[in-house]
Amino acid sequence: MSVHTMETLALFDSAPYQNAFSARVIAVSEHGIALEHTLFYPTGGGQPGDTGHITLPDGTRVAVTGTVRDPVLRSIIWHQVEQCPEQLTAGVQVDAGLDWERRYQHMKMHTCLHLLCSLIDAPVTGCSISADKGRLDFDLPEMTLDKDSITRDLNALIEQAHPVKTLSMPASEYTTLLQITRTQAVAPPVVQGSVRVIEIAGIDIQPCGGTHVLNTEEIGRVFCEKIEKKSKHNRRVILRFE
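Numbering (this note's numbering), first residue to last: 51 to 292.
It should be emphasised that the hints constitute simulated quantities derived from the structure, not laboratory data. Please note that a few of the clues may not be correct.
Said to hold, decoys possible - No more than 27 Å apart at the CA atoms, straight line, and that leaves these computed lysine-lysine pairs for DSS-like:
# : residue 1 : residue 2
1 : LYS183    : LYS279
2 : LYS183    : LYS215
3 : LYS197    : LYS282
4 : LYS183    : LYS197
Working from the sequences, and respecting the hints, build out all of it.
Here you go:
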């Protein structure tokens, strides 16, 4: 199979709560292992790539240390490994599993950052997510934010158990999508002619390619750890799980 015709089907879009699968290896390179389909989310939109393992037919277990999209052929997702056994070659059928606890933490924090967006009326200039915390940078010239108020309002939204829905909008509505996009640095991702949109009804709606929980109640309690002034027009809000 030519590398130009290869594609990894992204299962994490339609099955974000599934954590194990089987797949055929379609390529092995210095970038890692490419599978015909995967549940591993690749680094993007401030969310880290998933980690986990790949198990060969003979039982050999290979640790996946990260997941990224090919820098040129974005349809290919590479599973990064420290060492690749000789028997792990194109055509081999493997089993794979996520580090689910880590991924679920990412899902909860990513959804929580959407709630944070709804509380602060300013463009987002940066985002970062990890298993224990997350942060957004806002284009705010004045320090008008308060840690205690953010903590109180976020937990109120979380406890209200709002459903989180994944929608698909045609790329032809790109102008409309740009108007609702809060993140300045990253354009809405277009996949096969459509854009994935995350809606927390009545709270927030954003084009987003990340993984999220189905209900805000799953997030659990959080607190605003710090608000930093990064520049004249940049305020960083850092959240942590309690």
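query: Does LYS197 lie within 27 Å of LYS183 when you go C-alpha to C-alpha?
result: This hinted pair holds, its Cα atoms lying about 15 Å apart.
- request: With a cut-off of 27 Å on the C-alpha distance, tell me whether LYS183 and LYS279 pass.
  value: 18 Å, holds
- prompt: Is the hinted pair LYS183 and LYS215 satisfied, with a Cα-Cα distance of at most 27 Å?
  reply: Roughly 23 Å separates the two Cα atoms, so the pair holds.
- prompt: Are the Cα atoms of LYS197 and LYS282 separated by 27 Å or less?
  reply: 19 Å, holds
Hint compliance for this structure: no hint is broken.
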